[in-house]
Amino acid sequence: MKSLEPGDKNKQQIVTKCKERINAMSDANVYAVKTMTSKEYFAPGHRACSGCGQAVAVRMVQKTLGRNVVMASATGCMEVVSSPFPQSSWQVPWIHVAFENAAAVASGIEAGLKALRRKGKIDGRKITVVAMAGDGGTADIGLQALSGALERGHDFLYVCYDNEAYMNTGVQRSSATPFGAATTTSPAGSVNSGQLTWKKNMMRITAAHDIPYAATASPSHPLDLVNKVKKGMEIEGPAYLHVLSPCPPGWGISAENSIQLARLAVETGIFPLYEIEEGKHRMTMSTDKLVPVEQYLKKQGRFRRLSPEMMEMIQERVRKEWQELKEKSDLSHGHRPITAENFLLRSPEGESEAEKIFRVKAGAPA
Amino acid sequence: MLEIRFHGRGGQGAVTSAELLAQAAIEEGKYARAFPSFGPERRGAPVSAFCRIDDKPVTLRTSIDSPDVVVVLDPSLFNAVDVTRGLKKDGFLVINTKKESKQFMFEGLKQLAAVNATQIAQEILNRPITNTVLLGALIRLMPIVKVDSLISAVQTRFSGKIANLNVQALERAYQETQVLSNNGEQTLELVSPKNEFAGKEKVGKAAKEDLDYLWTELSPGCVVQPGSSRDNHTGDWRSCLPVIQKERCIQCGLCWAFCPDAAQVQKPDGYFSVDLDYCKGCGICAMECPTGAIHMEKELEL
Amino acid sequence: MAKRAGMEVSIAAAEAVKQANVDVIAAYPITPQTHIVEKLSEFVADGQLDAEYVTVESEHSAMSVCIGSQASGARTFTSTSSQGLALMSELVPIASALRLPMVMLLVNRSLSGPLSIWNDHSDVMSIRDSGCIQMFVKNGQEVYDHVFIAYRIAEKQNVLLPVIINMDGFILSHTFEPVELMSSDELKGYVPPYEPKYTLHPDHPLTMGAYATPALYTEAKKAHDEVLKASYPSILEGWESWGQLSGRHYRPVEELFCQDADTIIVSMGSLSETAAEAVKLMRQQGQKVGLLELRLWRPFPFEEFSRAAAGAQRLVVMDRAVSSGGPGGPVASEIRSALYGIKNPPQVDSYIIGLGGRNVTIQDYVKMIEGEKTDLIPEANAASGSSYEIFGARG
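Protein chains in written order, with numbering that gives the first Met the number 0: chain G, 0 to 365; chain E, 0 to 301; chain W, 0 to 394.
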């Protein structure tokens, strides 16, 4: 194994930067990535924009779901970029029907497979049924179908990829667009500056259906995301996963920044990572101090016209919601950050291969 | 009637170019129509836009398949798209290049206009949006509309500082554009970077383009084979290329995990390498690499 | 052995769905469809039918669930009416384009507004062009029989299209009458196990519902159109083999006294039985009147229809929906097109009758036949817009 060249004048800088980065991620996400399968279930050649955050998230989710899965997709960016006839990026069975009904189509698939299994027409293995939709397909037009499917208790996982507007049709506002964000239908004008309503809270709405599992996840935190997808798959009954999906053209960021923005959304508390399991809240990312929201907002073109007052309103609301979430979490399971120590796939014999490679290559002491 | 086709990348303003030109012509009392190629193209993907100008009313609503003039906003498009497809014999080409313009001359082309539009845009607008720059080059090549009309169109479309900067860019391009007539020499030769992963599992089962299908060949319900998008090489969206310094790589795999296009591939020796067939050049890998082992380099022009 | 019993037609429909051994039912309650789905839930609750009954929150989700379950390879059933169909109508053409052979009992009811729970055909006319096989039935026995016939046709490998059976709301659905139920032994083999061509299963991954660019949409539509037209012999086969099994024979158009008739009434669904009585009465009075009952609506049986109608001088077409501002009732317009270009075509009079549950009596038929309406000829009166008459409207 080749380590850093001794003569490399940047060696110390690199090691420091490396350590900082991993510390900044505040958990062991860096170890997780290599435990994901090298198989691609979301094949390249798709037409997602350069630097699409949602494509990163979809790839990670599909890697975790594996091959024993049936997907039902709503109309939206991921549908359009992945399925122009005669090409498809899906390596697993996948169906698209319409915009507002991914949850209902998934319900039908689940019911169909269940009946066929019971009648001995297909073998008895468990097949994970997954519905996927954007924030518009989930929080707006698809809300009724989602609510129906959650209430009926189908055994399926619903993944909402939230890019915070109707990106597929050219960045129109949805109910998931954050306060202050400019979109083509909530433009920053001379009277109003961007979206004037607060983001619809899909976690509270889905959790109110008393489903066994609901969680937020971000592609910037792969380990956390992988764990949540796994839980959603394994749990009997409906599970809901809300994944933040930065959109370079829609958010007004450059392509290389989408993962960085997802990370900042988490670190500022704007998009807290947590889960609600059997009604119990648990925050899955530890942080003692939230990064000021300004650092997240000022990097994005959609918030360019945000006034200092609005910025402060956002900061205040984030603080309040973070506090509420923390209190809820404290009341139930308490705070349990994910670290290398409790990482599901880590070998029980101490140091994992990924850790070892990392340590040796980084030139860190043994 | 003059038919002009603009080639750009999603987000570069090819459609705006066509519209500004049409706007200028309409202001002069001429007739014009500008329209985009309708489709699900995404930011970075090659796109085209069209403009027809005439002294009589323009009535055609078909796409422009054999243009009189082709305008290419991005130098990297030469590797990605057949930009001169259908160009009329003795047609005109307007290009953005920092290279010597005569390299782009080919048989059948009457005149060529070349300008280093990326540099002008970068210096004046502070970003590589080259649409107004190339309009300056276009009207230097042929006075389709007056410079003043075009400036007025730019000022109608944009406001304040942005308008002024675009006018500056347009005027500078008008000055700096080199116009070259064909003297019979042919030099156009396209070279793409070599992809070490070329050919490996790249052929999906679709095997055909949509245009090749007869109705009798469609499967019931138009079912599609899995993973067939591998046939679609999105590498031609790229204008920048990630370059990996092996000695800095700790093989952590973050570049691979965070790649939207599964274009970082781990080789048997544990190091990662870029699959040029799919890398769109977004730069996430360079941004996320914890050891700074990856940096982005401009794709070769030719 | 077949068993003759008195029952509500909706219950006979549910019996048939049970005997067809469906795997998944998804339906949302709407009058007058409710008795069918209530009975089916009862069968599932009592273990008489081994199926998943998905109690959806809307008709939109009902059709979505049906698409999902049929795509997974399960035999699927749904039933709706009126506004329910309107809410589904986004998805019905998708179900047929995806070639999913589900069966829908459409209990016909007028579309709002004003709101009306009563019977006419405005609901089905709104999905005329959805690419499904569509047929009309006129009594309880036909409802019962056509559930099996529909599954046999729909699931054929060269068909694989949804089948919509139209039965009139209340007039049929809520009427108690004798129905002959087949035993499972008799039915055996008539509806063979469903063998889907493609399913959503990890063992053979594939993509359903890819979108078509302009380069391909036309070809996709052409393929769908051709398969719908080509389903015609399979539909005939379905009816023929059912005739052999049950002794009840069905044709795309059913004729009564058409051979020597000067005037032929064209009718669909439950009105045909009353119309038959009117025709018999007028025959007794020496009038050369016939009845042509259009059973198959899509694919339209051009050849059989033209042959049956060609000898008449006049067709009196009973439509149960208005194509407002158009050339006539939707069925009449279709028939005018079907007859275009034949030698000496009959005059086609378009009457809109029985809207929103309005009773249609024998006397009404007599009136329509006797009141020779030459002003309903579209060529003569196109400009005045009087090429059809909404029959019986006061004022």
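These are calculated hints, taken from the structure and not from any lab test.
Just so it is clear, CB atoms sit at the ideal spot from N, CA and C, and this is done for glycine as well.
Incorrect hints may appear among the rest.
[Claimed, not checked] Pairwise CB distance ranges, derived in the manner of DEER restraints:
# : chain 1 : residue 1 : chain 2 : residue 2 : range
1 : G       : 66        : E       : 64        : 42 to 48 Å
2 : G       : 235       : W       : 1         : 53 to 59 Å
3 : G       : 190       : E       : 58        : 38 to 44 Å
4 : W       : 88        : G       : 235       : 55 to 61 Å
5 : W       : 220       : G       : 66        : 32 to 38 Å
Worksheet item: Which earlier hints turn out false for this structure, listed by number in ascending order?
Response: 2 and 4
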